[in-house]
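Those sequence lines, one after another, are chains A and B.
So in the numbering used here, spot 526 of the first sequence is number 526, and the numbers just go up one at a time.
So in the numbering used here, spot 35 of the second sequence is number 1035, and the numbers just go up one at a time.
Please keep in mind that the hints were generated in silico from the structure rather than gathered at the bench.
No residue lacks a Cβ here, since even glycine has one placed at the ideal position from N, Cα and C.
Among the clues, some could well be false.
Said to hold, decoys possible - In silico lysine-lysine, DSS-like type, Cα no more than 27 Å apart, as pairs:
(1) A:Lys260 - B:Lys1078
(2) B:Lys1078 - A:Lys221
(3) B:Lys1300 - A:Lys337
To be verified - Chain A regions said to be covered by chain B (calculated; three or more residues, Cβ under 8 Å):
(4) 294 to 304
(5) 316 to 330
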Amino acid sequence: MTNSIEEVLGADVIFVTGSNTTENHPVIAAQMRQAIKRGTKLIVADPRKIELAKDAEVFLQIKPGTNVALFNGLMNVIIEEGLQDKEYIKERTENYEDLEKLVKDYTPERVAEICGVDANDIRKAARLYAKADKAGIFYAMGITQHKSGTHGVMSISNLALLCGNIGVESGGVNPLRGQNNVQGACDMGGLPADYPGYQKVNESEVKEKFEKAWGVNLSSKVGLTIPEMMKAAEKGTIKFMYIMGENPMFSDPDINHVKKALENLDFLVVQDIFLTETAELADVVLPAASFAEKDGTFTNTERRVQRIRKAIEPVGESKPDWEILMDIMNRLGYKKKYSHPSEIMDEIAEVTPQYGGINYDRIEKIGLQWPCPTKDHPGTKYLHKGKCARGKGLFMAVDHTESAEQPDADYPFILTTGRMLYHYHTRTMTGRVEGLNKISSESYIEINPSTANKLGLKDGDKVKVSSRRGEITTKVKLVDIINDNIVFMPFHYADGAVNYLTNTALDSIAKIPELKVCAVNIKKIS
Amino acid sequence: MVSITINGKKVKVPKDYSILEACKELGINIPTLCHDERLEPHAACRICVVEIVGMEKLPTSCSTKVEEGMEIYTHSQKVREARKEILNLLISNHPLNCLMCDKSGDCKLQKYCYEYNIKEVEYVGEKKNYPIDDSNPFYISDQNKCIDCGKCVRVCSELQCTGAISFSERGFNTHVGVPFEMPLEKSDCVSCGNCVSVCPVGALIPKRKERFMYEETKRVRTTCSYCGVGCQMDLIVKDNKIVEVHPAMGPSNKGLLCVKGKFGYKFVNHPDRLKKPLIKKNGKFVEASWEEAYSLITDKINEIKGKYGTESFAGLTSARCTNEENYLFQKLFRAVIGNNNVDHCARL
Ligand code: SF4
Ligand code: SF4
Ligand code: SF4
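Chain A with its partners taken away, still in its complex shape (with noise of 0.2 Å):
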C-alpha cells in the first residue's frame, strides 16, 4: 500500500474494486465502514455484489476482466469534464498527453457495453472520485489475477495521478496482500530478478555489493518464475526443487500441470507444517515450527514490519524455517551461523536500504514501515510524499483487452474465482480448526438463479463444472449477487479444487496467472 490502513478513517472516498474486503482483509474493512459511517462515500466495482456494495454510494457490476475498460471510462469523464488535478499533473507527473488522446475512445457509453454496467453509474462514480479532496483506490487479486492484469495496475495508478491522489494522506493505490507475508516475502528478495530491497540481480554493481556481502560469487541471470519453473521441471531442465511452506498442488491454476512437472523431478524438498497436497509428492519432507513456536517478523499489506514471538516450543521434532535453512547452509559449506532471527535482521538491515533502520529493539513495541533507511527514520507512513519516488509519476496509458478464454458454445459461462472471510489460501490452517469448518465445509459454485433455471438447477444440486483443462464436481449455491451466465468458486477447497479449471494464461509482464476468468461449462450430475 501506498498509504496506512489508519488513513482509510481520513478519506473522503473510498474506491475498492477487484477486493472482497469484507471477507479477505475483514478488519479493514471494520474499518472502511467505520468511515463510512462517519460521511466517507464509497465506490465499489465487481463482479458480485459484495457485501461492502450494500454500503456504496455507486456500485458497478462488472464483467470479469474488464477493469480496464471501466478505469479507462473512468478518465474519460475526468477528463471530459475538466474534473483532473491540472497542477498536480504539471508539476508533478509526466506523458499525461498520451493518456489523454487514448481514454478519448473509452466513453462512458462504450465502456458501459463492455463492462455490463450503466454509463450513468460510471459518470457518477467518476465525478465522487475526482471531486473528493483525498480519495483512496483498493484493490487485491480481482485487479491483478488476469491476463490484463499488470495493465490493470497501471490504469488504476493513472486514475490516481489524474486526481492528484498519490503522495497524499489518506489517498493513495493500496493493493491488498493476500496471505500475512507477501509483501516480505517481496521485501526480502523472493523473487528471480530481485535480491533483498528490490535491488536487481542483473545490475553489475548490485550484484558485487552481494558478493561482497555474503562473500561467495553469485549469478546476474534472471531466475525463473513459477510458471517457468513448472514448464522446467516438465521438460526435465529443473531436477531439484526445494518448496518451503507453500501448496503449489493447490493454489497454482492447472493443477493437472503441476503434479506432473512435480512428479517429474528428480527430488524434491517439501518444509511445512502440515503434509499438503504438495508434500505428499516429495522425496523428503521437513516439518517446521508454526509462527507460535519461533521469533521472527512479517511485514503487512501497509509495509510495517512487525514482531512474531515463541509462545510455545516446536510441536514435536519440528524446527522453525530459518534453523532448517542454516542447518542446510552450513552442511553445504557456508559456515554462517545465527543464534537468533534479530541477527538475521541485522544482516537484513545491512544489505537492503529499505529496511536499514530496522532491528528488533525498535520493534519491540510498535512495528516500523519501510522504507525505513536509517536508525533514526521513524519509518513512512505514506509513499511519494512532495514527489514520486521515481521523480514524476507517469502515466501509462493502456487499453482494454479481452481475457484469454471468452465463452463460447462448448464453454458458455465465465467461471471467477475468490476467497472467503472462513477460509484462508488452502486451507492447510483453516481446514483444521472445527469451527471454521462447521460454517463451511465443502466447495461450491455460486450460480444466479435465472442461470440455474435455464440449466434446471436448484440450490444444493451435485454439479460437473468442466474446461478446457480439467473437470470437478461440487454444489450448487443459488445467489443474487452475481449476474447471469457468470459464476463464482473460491478456491479452498481440495474436493473440487476450482484450479483443475483454471487457466494457466500469464499476464505477459507480471507473469500473473489468469485465475479471474475462465470459461466453463456445467452439468448436473443426478
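Dock chain B with the ligands against chain A, hints included.
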C-alpha cells in the same frame, strides 16, 4: 494544558482530556465496565465516578472533561461507597457461580467486588432465566450474566460495523440478543469475536476445550499469521498450548480481529502437525531423524549439481514464513546453490 489536583497531587494535563484519561496517564486505576477508549464515553455503568471538590454529585470520570483548578479524589470514602453500591446492585441478580465460570480470574465484576470488599449479597433480586445460546461455533452467550454495559452491542455496530446484535426489551429484561430472539447462528454475525473480547464478564465467552485458569497462563504478543492486515494479538498460553487469543491495540487493527485471527489458532496444536522428518522409501513415507534427512538432501544437492549444474535447481519460498526465513531461503539459492530460481506465490 490545565492544572488540576488529583488525590492531593498537582498535575498538568492536556485540556481536552477526560478525568479518566488524566488518571490513566498518571497511573491511577479507576474501575470501568462500559468504557472502551475507542468509543465515545457512555457513562452507563457509573462505576468510574470520582469526587470533585465543590460538586454535590459524583460525576463519571469517563465523560467529564478536566477543568482548570479542578480538585479530584478518585478513591475517597464517598467514591468507594458509591462504587460499592453499584456493584451491590449488579450482583443482586447475578448468577455468582464464579466456581464454574470460564471467565473467573479475568472478570471485572469479580475483580471489583473483591477490590471493594463486597462480602455478601446485600439485595437479593429476582434471577434472570435466559436460555444459553451456544449456536455459534466459537462463542457462547449467557445473558444471565450480562451486566448491560453495552460494550458488545456498540463494538459490533460502531467498530466491527456488522450490527448483528442489539439490546432487546427494556428494564429488568434488558439483554443482548439477535432481533426476534433468534439464535446467534441465524443472525448476521460473522464470528469475529470482537464483542466477546470486550465483554467484562462471562456473558459472552469463547467456547473452550481446555480447562485453564487465567493465572496459570502467559500472554505473548504476536502478529496474526493469516492475512496481510497484520493484526496484533496476544496468545494466551498454558502448558505449551495456545488456549485463547485476545486482540491487541496494534496500529492496523486497533483492538479488532476477524474470525481467523480470534478463533483460527487451533491448527497450531492439531494432531496432524508434522513432527518428524519423512523420507519416501518405495513410495511410502517413513519417519527419519534430522541427521538422515539432512544428509540425504545435501547428498542429492551435491550429486545433481555435479551431474546437471547449478541451473537445475529451483525453490519456492513462502509468503507465510517470516522475513528472516525468506531472506535465508533466497540466500541459500543465490549464495550457496548458485542461481536465482527463487519465487513464491505472491502472484496467487
Ligand atoms: S462476533 Fe462479531 S459480528 Fe458477531 S455479534 Fe460479536 S461483534 Fe458482532
Ligand atoms: S453481554 Fe457482556 S459486553 Fe454485552 S452488554 Fe452484557 S456484559 Fe456488556
Ligand atoms: S485477524 Fe483477520 S484481518 Fe487481522 S490479520 Fe488476522 S486474518 Fe487478517
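Three-residue Cβ test at 8 Å for the coverage of the stretch 294 to 304 of chain A by chain B: With 9 residues in contact (Cβ-Cβ under 8 Å with chain B), the coverage given for the stretch 294 to 304 of chain A holds.
Given coverage of the stretch 316 to 330 of chain A by chain B, checked by CB-CB distance under 8 Å (3 or more): holds (count 12)
Lys1078 (chain B) paired with Lys221 (chain A) [C-alpha distance capped at 27 Å]: violated (78 Å)
Given hint Lys337 (chain A) paired with Lys1300 (chain B) - CA-CA distance at most 27 Å: Given pair Lys1300 (chain B), Lys337 (chain A) holds - Cα atoms ~23 Å apart, limit 27 Å.
27 Å Cα cutoff - pair Lys260 (chain A), Lys1078 (chain B): Violated: Lys260 (chain A) and Lys1078 (chain B) sit about 79 Å apart, past 27 Å.
When the structure is compared with the earlier hints, violations turn up for hints 1 and 2 and for no others.
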